[in-house]
Amino acid sequence: MSRFPRLLVLAMIATIASATLFTTGCGDDARARLRVVHSSPDAPNVDVAVNGKTVLTDVPYEAASKYLTVAAGSTKIEVRPTGTTTNVISATVPLTAKKDYTVLAVDRVASIAPLVLTDDNTAPATGQIKLRLVHASPSAGNVDIYVEAPGTDISTVSPTLTNIPFKAASDYLSVPAGSYEVFITPTGTKTVAIDSGSLAISAGQIRTAVALDAPGGGAPLTAIVLSDLN
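Under the numbering used here, the first residue of the sequence shown carries the number 733, and numbering increases by one thereafter.
If you're looking for bench data, these hints aren't it; they were derived computationally from the structure.
Small disclaimer: the values here were computed from a predicted structure and weren't measured.
The beta carbon of each residue, even a glycine, is placed where N, CA and C say it ideally should be.
Please note: incorrect hints may appear among the correct ones.
Listed below are the simulated DSS-like cross-link pairs for lysine-lysine, each with C-alpha atoms no more than 25 angstroms apart in a straight line [as the list claims (entries may be wrong)]:
{"#": "1", "residue 1": "798", "residue 2": "830"}
{"#": "2", "residue 1": "798", "residue 2": "785"}
{"#": "3", "residue 1": "808", "residue 2": "831"}
{"#": "4", "residue 1": "899", "residue 2": "798"}
{"#": "5", "residue 1": "922", "residue 2": "899"}
Restraint ranges, calculated between C-beta atoms of paired labels, are given here [as the list claims (entries may be wrong)]:
{"#": "6", "residue 1": "920", "residue 2": "815", "range": "39 to 47 angstroms"}
{"#": "7", "residue 1": "805", "residue 2": "920", "range": "39 to 47 angstroms"}
{"#": "8", "residue 1": "814", "residue 2": "842", "range": "35 to 43 angstroms"}
{"#": "9", "residue 1": "911", "residue 2": "948", "range": "27 to 35 angstroms"}
{"#": "10", "residue 1": "813", "residue 2": "848", "range": "15 to 23 angstroms"}
{"#": "11", "residue 1": "859", "residue 2": "819", "range": "24 to 32 angstroms"}
{"#": "12", "residue 1": "786", "residue 2": "859", "range": "41 to 49 angstroms"}
{"#": "13", "residue 1": "921", "residue 2": "761", "range": "43 to 51 angstroms"}
{"#": "14", "residue 1": "874", "residue 2": "841", "range": "16 to 24 angstroms"}
{"#": "15", "residue 1": "897", "residue 2": "761", "range": "17 to 25 angstroms"}
{"#": "16", "residue 1": "929", "residue 2": "854", "range": "27 to 35 angstroms"}
{"#": "17", "residue 1": "908", "residue 2": "852", "range": "33 to 41 angstroms"}
{"#": "18", "residue 1": "874", "residue 2": "949", "range": "12 to 20 angstroms"}
Please put together the full structure from these sequences, using the hints given.
So this is what it looks like as structure tokens:
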């Protein structure tokens with residue numbers, strides 16, 4: 733069993749090569765926002781290019797960028813080992829104006845691929861928070877996820893989400909603000925593979941938790957928590 737290595741939002745570790753990525757002259761109606769997460773456990777540090785322009789450099793495993801503003805439409809995303817010109821990911825992703833997206837580089841490097849998620853950063857209802865769970869651990873099979881009060885004995889409760897496969901993302905869970913503990917188990921068992929410890933989330937905040945392999949791959953499994961909206 734492992735605990736989340738970070739209980740708060742991941743800081744931006746990668747260098748932003750250009751803070752302004754949108755096409756000159758584009759209005760707000762022509763822009764989207766894009767966040768990139770390195771979640772391939774055996775891939776080296778990577779550089780990321782958007783529409784042919786390098787925007788992130790030397791991104792390590794488990795790191796997430798801030799939201800970057802990009803032109804909406806067909807957007808080419810390329811990921812390559814830092815300092816090389818050989819892409820391990822080259823994908824064209826349709827981005828809709830005024831929407832937010834998270835793109836995760838997932839799976840082991842031999843099978844690395846983009847996982848594109850549409851983010852819902854509309855504010856939660858008064859007194860609520862929103863929490864989304866993403867299964868990005870290639871070593872784990874399908875999993876059950878428990879979102880409970882801290883210290884809950886999960887042998888006494890049913891899972892919040894069941895039989896979640898690799899590369900799947902849950903819908904956003906809308907729950908009252910407060911402290912929660914997230915437990916992840918192999919489907920149908922009560923054997924905890926990941927335990928978040930107590931996570932305090934304030935009213936109005938949105939978080940995405942991503943289950944991952946250990947660096948290099950395999951156990952102990954871990955997770956990161958991304959700040960979608962504060």
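Verification of the hints:
1. 798 with 830: Roughly 16 angstroms between the alpha carbons, so the hint for residue 798 and residue 830 holds.
2. 798 with 785: holds, 17 angstroms
3. 808 with 831: Status holds; Cα separation ~17 angstroms.
4. 899 with 798: Answer holds: residue 899 to residue 798 is near 21 angstroms, not above 25 angstroms.
5. 922 with 899: Holds, at about 22 angstroms.
6. 920 with 815: 39 to 47 angstroms: holds, 44 angstroms
7. 805 with 920: 39 to 47 angstroms: holds, 43 angstroms
8. 814 with 842: 35 to 43 angstroms: Violated - the Cβ-Cβ distance for residue 814 and residue 842, about 18 angstroms, lies outside 35 to 43 angstroms.
9. 911 with 948: 27 to 35 angstroms: holds, 32 angstroms
10. 813 with 848: 15 to 23 angstroms: holds, 21 angstroms
11. 859 with 819: 24 to 32 angstroms: 45 angstroms Cβ-Cβ, so the 24 to 32 angstroms window is violated.
12. 786 with 859: 41 to 49 angstroms: holds, 42 angstroms
13. 921 with 761: 43 to 51 angstroms: Holds - the Cβ-Cβ distance for residue 921 and residue 761, about 49 angstroms, lies within 43 to 51 angstroms.
14. 874 with 841: 16 to 24 angstroms: holds, 23 angstroms
15. 897 with 761: 17 to 25 angstroms: Distance hint for residue 897, residue 761 is violated at roughly 36 angstroms.
16. 929 with 854: 27 to 35 angstroms: The hinted range 27 to 35 angstroms holds for residue 929 and residue 854, with Cβ atoms some 28 angstroms apart.
17. 908 with 852: 33 to 41 angstroms: violated, 18 angstroms
18. 874 with 949: 12 to 20 angstroms: holds, 18 angstroms
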